[in-house]
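Position chain F relative to chain C; hints supplied.
Protein chains in written order, with UniProt numbering: chain C, 1 to 388; chain F, 1 to 388.
There's no promise every hint is true.
Just so you know, same-sequence chains aren't split out, so a pair can sit in one copy or run between any two.
[Stated by the list, open to error] 27 Å max Cα-Cα, derived BS3-like pairs, lysine-lysine:
| no. | residue 1 | residue 2 |
| --- | --- | --- |
| 1 | LYS41 | LYS384 |
| 2 | LYS92 | LYS230 |
| 3 | LYS41 | LYS373 |
| 4 | LYS65 | LYS55 |
| 5 | LYS172 | LYS55 |
| 6 | LYS3 | LYS41 |
Don't read these hints as lab results, they were simulated from the structure.
2 protein chains.
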Amino acid sequence: MEKLVYLDNAATTYPKPAIVYEKMDYVNRYLCFNVGRGSYKGARESADIVDETRKLLAELVKTEKPQYVVFSPSATIAFNVIVNGLEWDISKNVFVSPFEHNAVLRPLYSIAQKNGARLFELPFNKESFEFDAKAAKLLFEEHKPDYVFITHVSNVTGYILPVKEIAELARKYGAVVILDAAQSLGFVEVDLMELGVDIAVFAGHKNLYGPLGVGGFIINSCSNIDGVLKDAIFGGTGSDSLNLEMPRDLPGKFEAGSPNIVAIAGLNAALKWLKENIEEIRSKKKKLTLELVGELKNLGVKLYIPSDLESHIGIISMNVEGFRPEEVSLVLDRRFNIATRAGYHCAALVHRFLGTVEFGGTLRISLGYFNEKREIEYFIESLKSIVF
Amino acid sequence: MEKLVYLDNAATTYPKPAIVYEKMDYVNRYLCFNVGRGSYKGARESADIVDETRKLLAELVKTEKPQYVVFSPSATIAFNVIVNGLEWDISKNVFVSPFEHNAVLRPLYSIAQKNGARLFELPFNKESFEFDAKAAKLLFEEHKPDYVFITHVSNVTGYILPVKEIAELARKYGAVVILDAAQSLGFVEVDLMELGVDIAVFAGHKNLYGPLGVGGFIINSCSNIDGVLKDAIFGGTGSDSLNLEMPRDLPGKFEAGSPNIVAIAGLNAALKWLKENIEEIRSKKKKLTLELVGELKNLGVKLYIPSDLESHIGIISMNVEGFRPEEVSLVLDRRFNIATRAGYHCAALVHRFLGTVEFGGTLRISLGYFNEKREIEYFIESLKSIVF
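Isolated chain C, as found in the complex (with noise of 0.2 Å):
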């Protein structure tokens, strides 16, 4: 094909809307100002778009508090600022799931590694890749969980945890839990108070259909999270200028510096778009991914998704005997204009569970809202004739 096939949205999704860069060209012309730190004209509109991103945002996962979505710079950002937040000491149990992103992992190992505190692995079964309860039970009695850190849709192979039962579970052990919305919202219902965590994260150029370079993290407004998680990046805000320490108040005590007004406008083009498209966003997705899974598994290549495919969604990882998924993934760049990704996909804990690390990770092809059939078929006859 001429045209690029791009089946690599896990990592951003690509294209967005076009409203986005609409909006974001706009602002950057006419409105990019400093937002809350000038009292003109354009500096309090740039600061009604917050405002109403913020809005946009609270809205999606139905809390009724636009104060407690946090923007940050990105989800990995967001991730040190709650890691860093939270209280940490020789006594602190932390359980992660094995489908965590290194932005979970990398920042929760160095801080338990410099305080003594203990990173546990939820069970969850190799094939079905299904949550053992009663296994993780057990280890809760054993370790009180402290802190619990769950991915909602794994960005390695599309498998979306039953976040609600073991936020339930972790609940009764007194553990805060933590959710990784950055592969779902937007195309996965997130409902704070229905899944019963205490903050998800988000990155808005993933499933958001928005620009790089904002995301952040909304907290639950029925949790006391609030009151615990300390201020972690520190910087100027616009208020309270005189003080040395960060203001009190949220979002303002987790948002330092310049907000970026232009990814910000993106996103809220992006979340207005969503709010209109969703259920069409939605069932499309689901679809090319029933299809793409149907063709791969005639094809009997491994694939790497849970047994129930009703809690999968999206992103596929997948290897073909005899191919390294590097060499793959470069004969489909090269040969036929297909955009993949091989590799270990920034998850650390994944292909142990997988058993895909001797293999180089996986080959991961992920699907947007603007991926078409003909472009699954296309990928299909592609890979059929590299591997056949």
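Below, chain F alone, put in the same frame as chain C:
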């Protein structure tokens, strides 16, 4: 005036050169991939833009090692990375100038409090703003400096600090010197070797005329700070993904999360434009500054600028007897469509130094390359009509 007269360039320069908007929109639409995480053509092209931007920045500060240029989402994040990456304990003495921004002061204050380290203010003459080297030497003798943080150009007063002199003295006592070049890089010469600083922090969206969403720091390749500074923000790097620790090499060690390729591309265009026009930009800004200072001196308002106008550029803080700065700023906006800024400008210490705490700070006028002489005249006329 119908058209906005923008005199808040110290917050963020506005507008940017048209090429910056164009490049950002282009990359957003056609090259917005996850740099370093995919091996397909688009991702490689994006990576080339990042590499070239590092080279342009390295060239600007006259270092030969582009890998010593670290990108962060903002100067604020860069300072948090640096401050958290240094060693801290009860023995540490940190010196700051009274002109520092809260992006420096707040992270330092937090970490000093936590570790029992001591924060000192470097001595400057309150009338002339001159650095008091003699008093500083006495202070250094008594409290051996470990870290010295100096802003290059004060974001409140436009004072260009004698960085070389301060750094030379501090280095005699073995201190690490960190330069806040957020307000200087671009229009004041920043030669890391010549200035004798270990690290310089930059903001893409100020005098580099790039966009929001990209800042960072540049390590002096002759400094040994590189080996000392620990990683402080953790996450995915697209490399060595099975490792729970960050990679050891520069710049990857300090760059976690998806790079903001759109912002970096905008900065890339800005740096090329800057390189072409740097002499004209500097001389125009100097000229405008002198004109503005001259006019304001004629009006007899209180100016907070250094005695030696050779050490002053672009930013003027002022107050008018009988008026609160926010009143003047508000009327300038509402009645004359002039954007200025009133208050404390995210600088906690300088208002005690200037004696402006009780006034509610200052009215700040800050110039950019795109300001014109007639805008200054219009501002002066407007100001006169308000206060006389």
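So, going through the hints one by one against the coordinates:
Proximity of LYS41 and LYS384 under a CA criterion of 27 Å is satisfied inter-copy only: 21 Å between copies versus 59 Å inside one chain copy. In this assembly of identical chains, LYS92 and LYS230 lie within 27 Å of each other by CA distance both inside one copy and across copies; the values are 17 Å within and 24 Å between. For a Cα distance limit of 27 Å, the shortest separation of LYS41 from LYS373 across copies, 23 Å, qualifies, whereas the shortest one inside one copy, 47 Å, does not. In this assembly of identical chains, LYS65 and LYS55 lie within 27 Å of each other by CA distance solely inside one copy; the values are 8 Å within and 44 Å between copies.
With identical chains, the CA atoms of LYS172 and LYS55 are never at most 27 Å apart, being 31 Å at best within one copy and 54 Å at best between copies. In the homo-oligomer, the alpha carbons of LYS3 and LYS41 lie at most 27 Å apart only across protomers (12 Å), although the nearest pairing inside one protomer, at 43 Å, exceeds that limit.
Violated hints amount to a single one, hint 5; each of the other numbered hints is respected by the structure.
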